[in-house]
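Chains as they are written, first to last, in numbering that gives the first Met the number 0: chain E, 0 to 352; chain P, 0 to 352; chain C, 0 to 352; chain L, 0 to 352.
Hints listed in this document are in silico derivations from the structure and should not be mistaken for laboratory results.
All C-beta atoms, glycine included, are put in the ideal place defined by N, C-alpha and C.
Any given hint might turn out to be false.
Stated by the list, open to error - Simulated restraints, written as ranges between beta carbons of each label pair: (1) C:127 <-> E:282: 27 to 33 Å; (2) C:301 <-> E:130: 27 to 33 Å; (3) L:133 <-> E:38: 57 to 63 Å.
4 protein chains.
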Amino acid sequence: MTPLRKNFGSDNVGPVSPAIFRAMEEANSGSVPSYGNDPWTHRLETVVRERFECPSALVFPVATGTAANSLALSALVPPFGAVYCDGTAHIETDECGAPEFFTGGAKLLALPSRTGKVSPEALVRHVEGGRALGVHKSKPAALSVTQATEWGTVYALEELRALADATTHLGLAVHLDGARFANAMVTLGCTPAEATWKAGIDVMSLGATKNGAMAAEAVIFFRPELAEEFARRRKRAGHLWSKARFLSAQLLAYLDDDLWLANARQANAAATRLADGIERMEGGRLLFPVQANEVFALLPDAAIARLQAEGYLFYPWYMPNGDNAPRGASPVRLVESCDLEPQDVDGFLQAAG
Amino acid sequence: MTPLRKNFGSDNVGPVSPAIFRAMEEANSGSVPSYGNDPWTHRLETVVRERFECPSALVFPVATGTAANSLALSALVPPFGAVYCDGTAHIETDECGAPEFFTGGAKLLALPSRTGKVSPEALVRHVEGGRALGVHKSKPAALSVTQATEWGTVYALEELRALADATTHLGLAVHLDGARFANAMVTLGCTPAEATWKAGIDVMSLGATKNGAMAAEAVIFFRPELAEEFARRRKRAGHLWSKARFLSAQLLAYLDDDLWLANARQANAAATRLADGIERMEGGRLLFPVQANEVFALLPDAAIARLQAEGYLFYPWYMPNGDNAPRGASPVRLVESCDLEPQDVDGFLQAAG
Amino acid sequence: MTPLRKNFGSDNVGPVSPAIFRAMEEANSGSVPSYGNDPWTHRLETVVRERFECPSALVFPVATGTAANSLALSALVPPFGAVYCDGTAHIETDECGAPEFFTGGAKLLALPSRTGKVSPEALVRHVEGGRALGVHKSKPAALSVTQATEWGTVYALEELRALADATTHLGLAVHLDGARFANAMVTLGCTPAEATWKAGIDVMSLGATKNGAMAAEAVIFFRPELAEEFARRRKRAGHLWSKARFLSAQLLAYLDDDLWLANARQANAAATRLADGIERMEGGRLLFPVQANEVFALLPDAAIARLQAEGYLFYPWYMPNGDNAPRGASPVRLVESCDLEPQDVDGFLQAAG
Amino acid sequence: MTPLRKNFGSDNVGPVSPAIFRAMEEANSGSVPSYGNDPWTHRLETVVRERFECPSALVFPVATGTAANSLALSALVPPFGAVYCDGTAHIETDECGAPEFFTGGAKLLALPSRTGKVSPEALVRHVEGGRALGVHKSKPAALSVTQATEWGTVYALEELRALADATTHLGLAVHLDGARFANAMVTLGCTPAEATWKAGIDVMSLGATKNGAMAAEAVIFFRPELAEEFARRRKRAGHLWSKARFLSAQLLAYLDDDLWLANARQANAAATRLADGIERMEGGRLLFPVQANEVFALLPDAAIARLQAEGYLFYPWYMPNGDNAPRGASPVRLVESCDLEPQDVDGFLQAAG
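For reference, chain E alone in the conformation it holds in the complex (with noise of 0.2 Å):
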């Protein structure tokens, strides 16, 4: 039997789904051109076409999260230019300044929001002001937004067409950070175009790293004429593989008989389980509504002490808003692996107790 699995920490942790290594091994046969000249490659375009129903998009595969955000921001932003996103989102947090170095210096603004939503309004905003001001502010050129968002939350599909209404007039491009795009999906239940570029969407990054690949992500362009040159600015990135079948073998089996969303359905079913039992807990208490594979939560400081006691891991977080913590608990990140089993979740829930 599985010992209980007792990482929340991150949905990096965990292995590759059995799916996507057989589909590596499958395609370690034989010489084909290299550089993405190969059949997988090919057929990945013609799959991702087909799934989000745009003939004329154009499908980059990367290994990182990082490379596909600051590549498909790269291609939107000149380095004068200004991309606008959330004060949570992962590019303006965590990428250690990724989308500077490969926008050639273009700047980050960062709107404040209590929910990591971008408002429509607080954008156009922004963007009205900066304009005003001319050359003495970067260019407003891009908008970023991040589904699921990194509060574990979805944009609903009205939310996105507010934001591509605000974008349209003001004449923005819109990447979409889809680290966990897959995840958001299942909530939506929607189709995948719909998410998309039918939202307003020009060009996502499309995880499969968190939710059950090796090292793959795709750059997807809805508006091709936005990737003109992209492939050169993959290539000196250092992130064009010579052996790309692999890459793209990945991508295949994650979008083939739709393993991205039953990966993403356990997962998000992880976190549900996770808050539902939290919410029972005493002193336990949600700060933001589950709706992907992230908990966020208050968990009363005695609980964070027999989980970590018993070898749980997962990482103590901040409160949004500047908010104060009450006394004798403490906010904590818990993320869903795709392989996480009920028992698991049980497991956690029973050593919190």
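Following the hints, position chains P, C and L against chain E.
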């Protein structure tokens, strides 16, 4: 029976060595800390230090050679600095400006040569000439040498040491592009330490991808003070894998049991066998001594036509030093992968007729 | 008789002080070595060292404040580093991403404040929080303070020293944006040394353009080891004048006979006179104490209308901290050039009614 | 009586032309809008459009030639692009990597030549060769030509037009480094339009500093669509003067009354007089035809010694194309400033003996 291998176009078209694939599979079990805080990555450091007899060496795995070279250079040269290299160097000719990107705009100063090797005299002359012009010139900061060279030859140890004398005198750091370092090691027959830090190399890109890995190269610093903050450089370039164990596992399998040398020996042997055959071929002529796994040769045009008709893949090349090819023959590059068998080479020679 | 000066929009709209123009004219004679090897530039170094009581100071004249600030920061912070500053800092809000450009993509981390001054506590909290996240965060490398601040106030020496304690503890270098440093000096009444390196400043941008020069600022390093290779940085940014004597001559005239203080005193006096008038004005209110040559004030909308009708120029501004303006009044910024006379201020107040 | 001018080292060692100084003085009066919204800058646009017969031309004054060249190139070439130029080009050899900095790391590809001029055949060969390698090569994006060249020669109009045919065919934008454009104009005797946009130039750096200005160059776009957002590029490089009128006033005086041509005529005449003298000198030999204000010549070593003993300043140079100097003579560069009089040249020749 395996059909004959007919791809002599590159050493990145072949499959992954079984032992390397197996190592990734074995690494695929359970939760481990991400971003390199895993047992595989820790053991890799130990193994590299042992193999290179350098207890203070620091090792940073990345997925591509372009990333390894450019990141390494960015640690050696300021944005206003210059990197000297041979005119044929991969960093100068094949990386789409990646070194310029990673260094923030440093200048590559490519020295012409007849041999693909940097000469100490030319280096000293150029560096001293540049320094005399002060701030109008980029600051001479580093030398990058390629071992084996882009013409398939190998710097002798005394050649490396003569360069080391020059760079010590000039105050330049030295980078080694070791995309085919294992192939050079087989030819040199010395220890890894003798071929690197004992010969003045400060940091190297140790290639594995062209020699049997899926996507793995190691940046190895022999002077750890140069690696200060290298971890941040790698992260902000999107080259830090969250599931880093799968990069390190490849490199461990590569070094364990000397797979790197075994693979290189097989590739070099194929190259030598091919070179011998070409020398015996009427109208065939080697352009350079074959010391690694690349053959640059003149082949009769009729032979080239026959090979292409039989499905052999390889690139037409150019004559070194602006020479003209003799009438009726053309230069080609023939690269030997580490999975080539003697019969594959014989098949080629027979088809060339 | 000179007509009334009516431009309160900026301190860069006015003419060049006669003494500065005369100095350029005197420099315009005969052949002298270019690129700063001229007597004016040499004497400038001597004069700065004396004025600032810092015999090892290094001085680099440039033509604009944006260049001075960004070049200075590029010497303090690596491309993967972070610069902390107040949310109102010119480098953050008015330089079109120049610091990001010159540093190769470093991150500006703007701390919110009610006052336009960085608080040591906020700085320590942010830096320590960032460092805890390791390579995922840009490396905290420098603090930039603005003196006088963007709200027209002046850091007291003890405030600067408290920041110096924090930055020493945190290992940050400190830059001072002194676009209006002379205005602050007049208010502080201390020595230049006390206001800079004795208060922990490592490098400053000493502004002259806003205070009577044509186009001249000096980057002054109080720790010469930080200026290593700064000359190359300036050259490759196109900020090394071939006829450098004309930059140095401006700065010499600025410092000789304490013209910088005389000009600043005149501008500050105009600001104080204006502030006094506004405080007496029905419905007028100062938003900040007036300690330099900028007045931020609420004016009755009717007064604003009368001023505009009379041809007075100034910018509508915004309330600090997201406050709302009271009904019937609006915030404005009134900047006093160094050529403003008392009657110009009185004219303004009279027109405001 | 003025003492003899003895500085032949550069054309940036001399004083500012009186008319240019006077123009700055006249501009120094009253308050005018800053950052280029002033009458001088507006009139400059009109004057340039007239002089160049190009009603849609856009003009951006900056203070240095390095800034003009690098900013112009940054508008033509993406970070992953390449600029072709002659191996002697100032952008390649004398700007400390500024083009790489401003373009965000684009690659300069310097073509060797015997003449300092780019040949259309070499350009086509290199560009087509590079394009064949796809993403592994920087994208060929622009050609930069220098007029007058770095060897003091001048491209004939038909030479420029042949290059224009090549660049049109290749899809490259064309930049002209016109640091000594006025000197070339005097030799060509054609209209400015014929020497620029009618000959395929898209953007030029019009130099004034070497030809009588204090610090002023104009970036002129003949295809305004290339200048989109150029104003932001200039601002974020710190090259937008707040008191922009003083840059524009210099350039206006330079073009008004054809001062630029008068100055260049004087410098060219000095060069021609000097060249004639050298040709008559025993052991003297010109290395290139003298078509502008630079003389590259072999002088007897004894003559060089005599000149130096008399206080003449000039730089030892190098032989073109790696040739060796004949025994007893050495190559020198002699640059003629626009304030040189015939007697200054005669003094030089007499001292040389």
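Against the structure, the hints come out as follows:
Between residue 127 of chain C and residue 282 of chain E, the C-beta spacing of about 28 Å keeps the proposed range 27 to 33 Å intact. The hinted window of 27 to 33 Å between residue 301 of chain C and residue 130 of chain E holds, with their beta carbons roughly 29 Å apart. Under the hint 57 to 63 Å, the C-beta atoms of residue 133 of chain L and residue 38 of chain E, about 19 Å apart, miss the expected range.
In the structure shown, a violation is registered for the earlier hint numbered 3 alone.
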